[in-house]
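Chains as they are written, first to last, in my numbering: chain A, 7 to 277; chain B, 57 to 588; chain C, 324 to 638.
Keep in mind the hints are simulated off the structure, nothing from the lab.
Careful, some of the hints might be misleading.
Cut-off 25 Å, straight-line C-alpha distance, at most; resulting in silico cross-link-like pairs (SDA-like, lysine to any residue) [as the list claims (entries may be wrong)]:
(1) C:384 / A:115
(2) B:157 / C:337
(3) A:44 / A:222
(4) A:100 / C:337
(5) C:330 / C:625
Only some residues are given here: those of chain C computed to face chain B with a beta carbon under 10 Å [as the list claims (entries may be wrong)]:
(6) 367
(7) 387
(8) 493
(9) 495
(10) 497
(11) 540
(12) 541
(13) 542
(14) 553
(15) 632
We put the beta carbon where it would ideally sit given N, CA and C, even for glycine.
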Amino acid sequence: MSRNLILGAALSSLVLMAALMSFIWTPYDHAVLNIPAKLQPPNAQNWFGTDHFGRDMFSMIMVGARTSIAVALVAVGIGMTLGVPLGLTAAARKGSWLDEFIMRGNDLVFAFPSLVIAILITAVFGAGAINAIIAIGIFNIPVFARITRGAALSLWEREFILAARVSGKGAARISAEHILPNVANLLIVQGTIQFSLGILAEAGLSYVGLGAQPPTPSWGRMLADAQTMVSFAPHLALIPGLAIIMTVLGLNLLGDGLRDWLDPRIRVARA
Amino acid sequence: MSLLQIKDLSLTIHGTQILKRINLSIEPGQIVAVTGESGSGKSMTALAVMQLLPNGAEVDGALQLDGQNLLNMPEVERCALRGASIGMVFQEPMTALNPVKTIGDQVMETILIHKAMPPAKARARAEEVLARVGLPTSRYPMTRYPHELSGGQRQRVVIAMAIALRPRLLIADEPTTALDVTTQAQILDLLKGLVSEYGMGLLMITHDLAVVADMADQIVVMRYGEVVETGATEHLLRNMQHPYTRMLFEASGHQVDLPASPEPQPLLEVENVVRDYRLPRKRLFDAPGHHRAVDQVSFTLNRGERLGLVGESGCGKSTLTRAILGLEEVQQGRISLDGQPVFTGHKPNLAVRRKMQVVFQDPYGSFNPRHRVARLITEPFHLLDTPPTGSDRQDRIAEMLTAVGLSPDDAGRYVHEFSGGQRQRIAIARALIIQPELILFDEAVSALDVSVRAQILDLLAELCATYDLTYLFISHDLSVVRTITDKVLVMQDGKIVEQGETEQVFTQPQHPYTRTLIDAAPSLPEIGQGAA
Amino acid sequence: MLRYALKRLLSLILSLAVASVVIFVVIEIAPGDPASFMLGVNAQADTLAALRAELGLDVSKAERYFNWVGGMLVGDFGTSYTYRTPVSQMIADRMWVSLPLAIYALTLSTLIAFPAGIYAAARRGKPGDVAVMGATQLGIAVPNFWFAMMLVLVFAINLRWFNAGGFAGWENGLWTGLRSLTLPAIALALPQAAILARVMRSALLDILSEDFMRTARAKGLSHRQALWRHGVRNALIPVLTIIGLQFSFLLAGSIIIEQVFYLPGLGRLVFQAISARDLIVVESVVMLLVFAVIMVNFMVDLAYAAVDPRLRSRT
Chain A
7 MSRNLILGAA LSSLVLMAAL MSFIWTPYDH AVLNIPAKLQ PPNAQNWFGT DHFGRDMFSM
67 IMVGARTSIA VALVAVGIGM TLGVPLGLTA AARKGSWLDE FIMRGNDLVF AFPSLVIAIL
127 ITAVFGAGAI NAIIAIGIFN IPVFARITRG AALSLWEREF ILAARVSGKG AARISAEHIL
187 PNVANLLIVQ GTIQFSLGIL AEAGLSYVGL GAQPPTPSWG RMLADAQTMV SFAPHLALIP
247 GLAIIMTVLG LNLLGDGLRD WLDPRIRVAR A
Chain B
57 MSLLQIKDLS LTIHGTQILK RINLSIEPGQ IVAVTGESGS GKSMTALAVM QLLPNGAEVD
117 GALQLDGQNL LNMPEVERCA LRGASIGMVF QEPMTALNPV KTIGDQVMET ILIHKAMPPA
177 KARARAEEVL ARVGLPTSRY PMTRYPHELS GGQRQRVVIA MAIALRPRLL IADEPTTALD
237 VTTQAQILDL LKGLVSEYGM GLLMITHDLA VVADMADQIV VMRYGEVVET GATEHLLRNM
297 QHPYTRMLFE ASGHQVDLPA SPEPQPLLEV ENVVRDYRLP RKRLFDAPGH HRAVDQVSFT
357 LNRGERLGLV GESGCGKSTL TRAILGLEEV QQGRISLDGQ PVFTGHKPNL AVRRKMQVVF
417 QDPYGSFNPR HRVARLITEP FHLLDTPPTG SDRQDRIAEM LTAVGLSPDD AGRYVHEFSG
477 GQRQRIAIAR ALIIQPELIL FDEAVSALDV SVRAQILDLL AELCATYDLT YLFISHDLSV
537 VRTITDKVLV MQDGKIVEQG ETEQVFTQPQ HPYTRTLIDA APSLPEIGQG AA
Chain C
324 MLRYALKRLL SLILSLAVAS VVIFVVIEIA PGDPASFMLG VNAQADTLAA LRAELGLDVS
384 KAERYFNWVG GMLVGDFGTS YTYRTPVSQM IADRMWVSLP LAIYALTLST LIAFPAGIYA
444 AARRGKPGDV AVMGATQLGI AVPNFWFAMM LVLVFAINLR WFNAGGFAGW ENGLWTGLRS
504 LTLPAIALAL PQAAILARVM RSALLDILSE DFMRTARAKG LSHRQALWRH GVRNALIPVL
564 TIIGLQFSFL LAGSIIIEQV FYLPGLGRLV FQAISARDLI VVESVVMLLV FAVIMVNFMV
624 DLAYAAVDPR LRSRT
């Protein structure tokens, strides 16, 4: 196990625990205003200080982790459940009109970055966490479809797939039995990367007001609120920012670590 | 003083001993062949001379070129020697050239990097060496890119780069292993010609003993990083001292005894089969071209017969194999097994499929790395209406593993725990488990070391006796086909140009192409018997 | 080569056509009639009808789609529902901020990433590599808008080297304009540079293990010469893909960054339009963004062919 893997797993689980913990306990109620105690810098009572309404920043960060993780996780889920079957199908029918259709469709979705999708959805349905999830999720579909297809294509050339075909197995069965298990590692790694990108995207959307709406706490909106006060209360901007960086860094390290950790087994199997 | 003198050379990589006190020397104009099976350290010896060892390598001993010790030389001086005093030719011509640079630039680079001559003269020299290796610029302009050339032509470019500055020593690491036999003969001739013309020393690394016997003045046999025997070719072939050397030569020319085949009774019938591939259009509005991979092929394989299919790469033998297996549909003609067509409509016929199995070339790519042996070899049960279950299934697995020389306990292991030869045994067990009428061996022994290959051929002969096998043995290796088949088909450009009894075809080839193939294949001399 | 370019061009036109249909349909789903939204609930029926005719809303949907696309082809993006000014004029004004910002950022990120990636690959496993990789790992994790706020805090508020926001305009000279785009461009470029540097490094490391690199060494090239002469150009092939993909992230990112620096770019335009439900503006800006992304990827495809001779002759 590499340093990356341990550090990444530690950081990621710290954030995950904070999010889960927030369901049963936070130091203060994150929604309670306490104007007299506003804009406190970090201190013994409020570990991360208070915001301009006197709300406890530590509690808000904990609850905000919930939003970030939920949005990113569901978005990755959408991307995987739709993208992976598309990629497997495209690879199994390589060169057919179906493959062409799926891949052209992918290219098209790539032309709509998640922010542009979010703008479109917001213009029509209004802003909200659900719409942010859909926007990030749609953008994730071609990512997973493409990576699955690429990996599956090289597997389809391998002789063990030919052997399975000689044994009379059909494309669907081979995809499920031989292809999917052999691309799973890759998908796990890509999943962590997309998860971290989802956290960043959610923060960005919330920052410009296209994501989670008040009163749902969100790291991105905390930053938007902090913007006008950054000169006299820098902790308001620093703390949510560091929370995002820590989460994303943790997930990326976890992804890198997983890749190195999962890969040698494949290599041993080949060599 | 020798051109190259290696004294007590030892090499460890990250602490693992790779070479143990190697000694060899090369005189100008001499060809020294280093041979051995995989893992013998022969390629590392070549890289050690080039001083292009991987990271973590530690070398001990002496390595002298013209009396200069290469080992304690600063890297700058080594760079000055590489390409100028020592040239090197690699095994894989398809990947040895930079795909985004023209061949002219790549040959000229050798000259320019050493500032040996001004650019205009360098260009003239590049043209000259390209012409010398058989690529005259009138037909192969220097502006060609590697992907526009065939494997053999690329290898010529690699040789041109290596000899552009007339190095005193040329190292060739398996220079013809990736090439077809007719191309191999041309490249070997070219190398021989260059050695005598320039008076270079040639250090040739190869596993192919027929090539060794044909080319070398001096032979060095290696095993597990050690030199086991060395000597002048003539002398060594007549008086082999070390048992390993004898084993190696015997295994290379290994013969097996096949049981007699029964009365002819047609099993596989191939009639006028045609398989076309569409080519991408050359120009925008041209009609798409076609490549006829299999052209009007007809033959019959009788029950209990062992049929060989030989030909060079691109001749269509793989396509034909896939068509017989029902993996690809053919455009014209008919393939039937036991009277039933392989394809019905556009779907492969399951009733026929369960009568056929296949063993592939690559012992590493033939198995899903995530499954255990028991699951791997029982995959063909999928073809049966009522696959055996419970203890029946266990018994069949045990029987098959025993039949191919493995142990029933191996059923619970993963495939990466096995060597290449053992994996081919597992592949054979998988092919046999549903007792098919016909087995296709697609280059099934081509990736194996000679000693392992000999064992697998023995196993096949044994299985022929026990299970009355009928098979189609597809291979580019003539010597293997000659011993393991009763009849043979020779394929060229999608057509069967000759077919007949194997011995007959080999001793009295009728078609000129068959003659070219047989002449091009280097043959092992009659050797070693006296000393054994 | 020509065949390859034409094929790409065809696919470009097809993508644009499909994208425009998607955008049009999505906007069509939006509830409410822009004309009644603009005039309020108490509008007279005939005023409403007149406005609808003026806005081109009184024809069938298919006709409106073709009017929209046909208009865009000749530079007519329709009339803003709220400002009653031509959308093309509004977009043109904002383009002069957004486009230079994206190009500035892309240039910066390439200038930083290439040397960093090549340096790290050449020193694989050594302290220099570890340091660069650590920095890029951090760079990827930083949200660009937060980084922008920190830049403002340090360089505008504390050091006062730059203005905290706003755009000085190009009419006061190139330098003045560039100066007000510098902090936003850095904020956009650094996280992207981190990604690009990692891609460059890993592409180069992949190339380093290729057979032809060993051939180059055997010719007498030093490690460094082989890396520059044979490695970098081959590594460009995957790097170009990422640059193409990044451009769409840069565009998206610049929309957000414009909020931090109060820059009058496309980003601000689109957010104002969303809150005013000025859908024709949203529709056109989104189409423009998508057009930019598709165009850039088309150019990347052509650049591929320039780098890789195999593409020129094949397909």
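Does residue 540 (chain C) hold up as a contact with chain B if the rule is Cβ-Cβ below 10 Å? holds, 5 Å
Is residue 384 (chain C) close enough to residue 115 (chain A), meaning Cα to Cα at most 25 Å? holds, 24 Å
Against chain B, run the beta carbon of residue 497 (chain C) and see if the smallest gap drops under 10 Å. violated, 37 Å
Does the alpha-carbon distance linking residue 330 (chain C) and residue 625 (chain C) stay inside the 25 Å limit? holds, 11 Å
Given a cut of 10 Å on the nearest C-beta pair, is the interface hint for residue 541 (chain C) held or broken against chain B? holds, 4 Å
Status of the hint placing residue 632 (chain C) at chain B (closest C-beta pair under 10 Å): holds, 4 Å
Under 10 Å, Cβ to Cβ, is where residue 493 (chain C) needs to be relative to chain B, so tell me if that hint holds or is violated. The hint is violated - residue 493 (chain C) has no Cβ within 10 Å of chain B, the shortest such distance being about 40 Å.
Status of the residue 495 (chain C) interface restraint (C-beta, 10 Å, chain B): violated, 45 Å
Can you confirm whether the C-alpha distance between residue 44 (chain A) and residue 222 (chain A) stays at or below 25 Å? At roughly 20 Å apart (the allowed maximum being 25 Å), residue 222 (chain A) and residue 44 (chain A) satisfy the hint.
Taking 25 Å as the top limit, are the C-alpha atoms of residue 157 (chain B) and residue 337 (chain C) close enough? violated, 34 Å
Hint status (Cβ of residue 553 (chain C) to nearest Cβ of chain B, threshold 10 Å): At 5 Å from the nearest chain B Cβ, residue 553 (chain C) passes the 10 Å test, so the hint holds.
Holds or violated: is there a CB of chain B closer than 10 Å to the CB of residue 387 (chain C)? violated, 36 Å
The structure fails hints 2, 6, 7, 8, 9 and 10 (numbered hints given earlier, in ascending order).
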